[in-house]
Amino acid sequence: MPLVQTEYLTKVYGKGETAVIALDHVNLTVNPGEFVAVMGPSGCGKSTLLHLIGGLDRPTEGRVLLEGRDLSRLDDTQLTELRRRHIGFVFQFYNLIPVLDAVENAALPLILDGVKPGAARARATDWLKKMGLGDRLANRPDQLSGGQQQRVAIARALVADPALLLADEPTGNLDTRAGDEIAGLLRKIADEWGRTVLMVTHDPRIAAYADRIVFLKDGKVVDETRLSGSSTEEAKRVMAKMEAI
Amino acid sequence: MNVQLTLALRYLSGRKLRTALTTLAIVFGVLVIFGMNTLLPAFMRAFQVNVLAAAGQVDATITLKTSDAFEVSVVGKVAAVEGVRAVSGFLNRAINVPADYYDRDPTTPDAVSVLALVGIDPAQAMTVHTYPVQEGRFLQEGDANVAVISASLAEALGVRLGGTFRLPAANGETTLTVIGILPARALPGNEEVLVTLPQAQAMLAMPGKINTIEVNYDTLDKARRAESERAILGTLGDAYQIGSLASNSELLTNLRIAQAIFSLLGVLALLMGGFIIFNTFRTIVAERRRDIGMLRALGANRATIFGVILSEGLIQGLVGTALGLALGYLFGAGLISLVGPLMMQFVHTRLGSPVVSPLLLFGSVIMGVGVTLLAGLLPAISASRVTPLEALRPSVGAVSFKRMAGVGFWSGMAMIALAVIALVTRNVGLIGLGSILFILGLILAAPALVNPIANLFGALATIIFARSGTAQLAEGNLSRQPTRAAITASTTLIGMAILVMAASVISSVEIGFGRVMRKSLGSDYILLPPSVALWGTNVGAGTELAEKLRAVNGVAVVSSLRFAPSRINGVAVSMLGIDPATYPQVSGLTFSAGDEAAAYAALGQGRNIILNPVLASSVGAKVGNEVQLLTPTGYQAYRVVGIAGDYLNAKIATGYISHANIAADFNRQEDVLLQINLAPQADKEAVVRALKETLKAYPQFRLINGQEYIDENLRIFNAAFVGLIALGIFLAVPSLIAMVNTLAIGVIERTREIGMLRAVGATRRQVRTIIVTEAIILAAIGTAFGVLTGLYMGYLGVQAVRAAGFPMEYAFPAGGVLLALAVGVLFGVLAAIIPARQAARLEVVQALRYE
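Protein sequence lines correspond, in order, to chains L and W.
So in the numbering used here, spot 3 of the first sequence is number 3, and the numbers just go up one at a time.
So in the numbering used here, spot 372 of the second sequence is number 372, and the numbers just go up one at a time.
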């Protein structure tokens with residue numbers, strides 16, 4: 001069974017003459033363990049797609065099925081629980097709480113879920129070490145580099161053992177090297193830790209780390225391509241596809 | 001970790017200045033409420049013990065209806081009644097001294113013919129009276145055959161400390177040794193010989209008996225006092241009676257007015273504090289929308305978000321209240337040290353330290369924490385409603401004036417219109433309601449008015465100092481968030497309104513009271529008793545003093561006041577006896593009804609009375625009405641021939657009758673205050689010397705030059721006025737905090753925009769100018785609304801005081817308005833300092849990347 005399935009997913013902003021169709025009847029399937037990248041020009045609806053799949057927003061038409069559950073039938077409380085336990089988010093600007101340290105930030109989803117502080121901290125520490133931040137546990141966000149902050153955000157996204165990881169331009173605010181590190185981490189998350197990753201990016205080099213790329217334009221899926229590795233050639237192929245769109 | 005408390009504490013400590021300023025708002029409110037209300041019991045206690053006790057007067061006296069003696073154990077029953085603070089039981093009997101008992105000289109009149117033997121429990125008695133022993137010591141339990149007497153009695157008896165005197169007693173003549181001497185007796189009535197209770201009981205052959213219990217209550221509240229009285233009578237039975245002395249009511253009136261004013265100021269301060277908290281939390285929620293959205297994205301439910309915001313409020317409420325309590329106590333102590341000397345001079349009363357009751361403590365805590373939580377409630381609810389998506393993609397849209405001129409605006413304008421109509425009616429109740437409508441109307445209409453007013457002030461700002469489009473940017477920023485601007489302006493509104501209202505009342509009082517004062521105290525010299533406002537507690541002089549003063553060369557007119565307590569329709573009244581012929585020459589009442597000359601003439605013929613405005617409105621009497629005065633011999637009908645007041649009795653229900661009538665109906669011939677005019681060519685220095693010589697035998701009077709006394713009072717007025725204005729400015733300080741918050745949030749929300757401005761060439765100075773201009777416009781909006789409200793409230797205040805009977809005329813507070821404008825603009829500039837610096841310091845590239 002696919003982990004994520006969208007059926008005729010549509011999102012329209014505004015009404016009448018000023019209505020903007022951000023997503024136009026998008027059908028998308030993501031299987032467990034897949035690493036899928038969503039690409040497209042600015043304003044094509046890729047972030048909107050991510051938000052709808054993550055239950056952060058509601059569609060105008062169509063539906064999202066996550067592990068077979070129709071998100072449109074869930075109320076706010078159920079969606080909140082879903083985000084807490086089944087989905088991990090990684091954002092472009094990290095969105096760490098500035099007044100908490102790395103462990104506390106990473107432990108947040110567990111704390112919010114009622115896990116005992118000791119156990120939550122232990123699991124968060126574990127994930128942070130996997131992210132290579134074992135020596136930065138007590139640092140606050142303003143004491144970490146961009147790449148380190150994003151790794152804390154990834155640890156936070158994984159601490160509740162979600163099935164799905166949603167990443168919205170996770171390398172958008174990082175330099176090339178840090179961006180590659182993060183993309184590599186996401187790859188590892190899919191390969192070694194068996195999570196499903198859905199990533200939005202505009203960077204072909206980063207997209208090349210994925211198993212499959214879905215291309216959006218004007219709110220519609222216009223192309224898909226499978227990749228065979230994150231090589232320079234693959235990145236060039238992706239870039240060519242982007243230009244063709 | 002408890003996520004809510006942890007986040008709350010971390011956020012609070014992450015923004016120390018903001019936290020401090022917000023907490024300060026609560027500290028301030030609690031300080032005023034708590035501090036002011038610790039003063040009142042101190043006043044009450046001081047008056048009771050120092051003034052009333054010195055005059056032998058307490059809250060209530062319990063006796064048997066038959067005046068017979070009763071068991072000592074009754075004291076314990078009375079002490080156990082709720083509301084009773086202090087009790088003293090004693091045995092008081094007049095002892096007629098046989099003729100020539102002391103001087104054994106039939107050819108000379110006896111200095112002492114009657115003595116009051118008073119047997120007291122020393123410990124109990126000292127809880128209701130003060131006994132300022134000049135020589136020796138006071139009575140102690142176990143003393144036998146000793147007495148404490150006054151210096152005047154000692155002199156009359158020809159004894160000194162350690163000497164002895166005889167006293168007829170039921171158990172035979174008793175010789176008492178004088179162990180203590182009190183000051184000369186200044187009250188009318190029998191000289192007292194104070195002995196221990198067992199001593200008196202033995203001397204009067206009344207073992208185990210007393211015949212009077214004096215009681216002091218622990219509250220000023222009429223209803224609770226009445227309740228205590230009922231409880232006492234319920235406990236003792238209807239063989240007993242309770243007498244409350246009428247002169248207390250003057251004091252009670254004053255103290256109640258003070259309590260009402262203090263409490264109102266405190267509540268006002270706390271409400272302003274609440275406004276600040278509300279404004280700050282709105283700022284916090286706006287600043288943290290991204291964090292809040294992220295928390296929601298991670299799975300935090302609404303209750304968690306709500307809890308984080310409210311936890312911050314709770315922490316600040318607790319800390320602020322604790323600090324407010326501590327500072328409030330110090331504030332009270334500080335005020336006492338300032339006011340104490342004035343009290344001593346004016347009302348001859350010594351204040352103690354601030355009094356903290358458990359109820360006040362509890363109430364202040366509830367109010368401080370409660371207001372904070374309430375103020376944080378709406379922002380907390382608003383925060384919990386932030387959706388994850390909304391916070392990730394904030395957007396700010398343009399707002400047009402037309403859209404904002406909706407229901408809120410028109411409702412507000414309708415309320416303002418109604419309030420203005422209420423002004424015209426001159427009805428105090430309607431004007432009071434109108435003031436609430438006025439403020440609410442302004443607040444409702446404000447968001448829609450922000451845009452046009454901002455345009456107006458922006459244009460002014462452009463002309464005055466802000467060029468290169470910065471003024472337009474500033475006004476545009478405010479127009480984008482008119483509700484936020486309106487709420488911030490509302491805080492300034494309250495502060496400035498208080499200032500202007502205080503100025504209105506002060507300038508009106510100065511005119512009204514000033515005129516009355518100059519008329520009342522217009523004599524060349526005044527002989528003042530110790531307590532000017534409390535006639536019943538003063539001992540005066542017999543008519544011979546006035547005769548002696550008239551006999552002094554250079555004295556043209558001597559006129560005196562005499563006092564008796566009475567009641568009209570159950571209302572306690574000060575009856576003042578005046579000489580209708582001489583009084584208008586040295587002083588004068590300010591008439592609001594009735595013909596002045598005819599009224600004075602009528603006083604001298606038959607039972608006619610002039611009522612002061614306070615009394616007239618209390619009993620609802622007009623010129624020509626008949627009123628029933630309660631006298632020692634029963635009710636007497638008097639006809640009202642005028643409504644007029646004088647400065648000294650302006651606050652107290654007072655009636656003026658002739659000397660002849662006060663002597664006839666109240667048996668009072670004691671002069672309690674005298675006023676003297678000199679002859680035109682008199683040698684002032686010589687006259688004053690002669691007056692002082694005459695007054696040597698009357699130490700209870702202070703001779704003062706009339707103009708000096710007026711100046712003295714004006715100084716007190718001015719000190720109070722300055723204090724009120726300072727308080728007004730003080731109360732406006734929270735509005736400064738609100739403005740800082742609003743500007744700060746504006747800077748944060750426009751980070752990218754500021755980055756863009758800098759990128760296209762705006763200098764740091766220009767950026768600062770934008771923020772400062774915005775602040776000044778914001779302040780100008782609030783001040784404009786505040787001045788309007790203050791003028792309205794000031795008018796209301798004056799009408800209300802006039803309705804209560806005090807002579808007042810509305811005077812436009814030009815000075816107050818100018819002061820409010822100056823303070824408002826100054827606050828605007830001060831509020832801009834930190835946010836302007838923040839904005840100017842933004843690094844262009846980082847600002848552009850900010851989302």
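By construction, these hints were calculated from the structure, which means they are not laboratory data.
Check each hint, because a few of them may be wrong.
On the chain L side, residues computed to face chain W include the following (Cβ under 8 angstroms) [unchecked claim]:
#1 Leu-74
#2 Gln-78
#3 Thr-80
#4 Phe-89
#5 Val-99
#6 Leu-112
#7 Val-115
#8 Lys-116
One side only, chain L facing chain W, incomplete, derived with CB under 10 angstroms [said to hold, decoys possible]:
#9 Arg-83
#10 Arg-156
#11 Ala-240
Just so it is clear, CB atoms sit at the ideal spot from N, CA and C, and this is done for glycine as well.
Okay, the hints, checked on the actual structure:
1. The interface hint given for Leu-74 of chain L is violated, since its Cβ lies 13 angstroms from the closest Cβ of chain W, which is over the 8 angstroms cut-off.
2. A hinted interface residue such as Gln-78 of chain L counts as satisfied when its beta carbon comes closer than 8 angstroms to some beta carbon of chain W; here the least separation is about 11 angstroms, so the hint is violated.
3. Of the supplied interface hints, the one on Thr-80 of chain L holds, with its beta-carbon coming within about 5 angstroms of a beta-carbon of chain W, less than 8 angstroms.
4. Contact between Phe-89 of chain L and chain W, as hinted, is supported at the beta carbon level, the nearest pair being about 5 angstroms apart and thus within 8 angstroms.
5. Annotation: Val-99 of chain L was flagged as interfacial toward chain W, and the flag holds, the nearest CB pair being 3 angstroms apart, inside 8 angstroms.
6. The closest approach between the C-beta of Leu-112 of chain L and any C-beta of chain W is roughly 5 angstroms, which is under the 8 angstroms cut-off, so the hint is satisfied.
7. The beta carbon of Val-115 of chain L is not positioned within 8 angstroms of any beta carbon in chain W (closest approach about 11 angstroms), and the interface hint is therefore violated.
8. At about 10 angstroms, the closest approach between the beta carbon of Lys-116 of chain L and any beta carbon in chain W exceeds 8 angstroms, and the interface hint on this residue is violated.
9. With its C-beta approaching chain W no nearer than about 5 angstroms, Arg-83 of chain L sits inside the 10 angstroms limit, and its interface hint holds.
10. Given the 10 angstroms rule on beta carbons, the hint for Arg-156 of chain L holds: about 7 angstroms separates it from the nearest Cβ of chain W.
11. About 30 angstroms separates the beta-carbon of Ala-240 of chain L from the nearest beta-carbon of chain W, more than 10 angstroms, and the hint is not met.
Hint violations for this structure: numbers 1, 2, 7, 8 and 11, all remaining hints satisfied.
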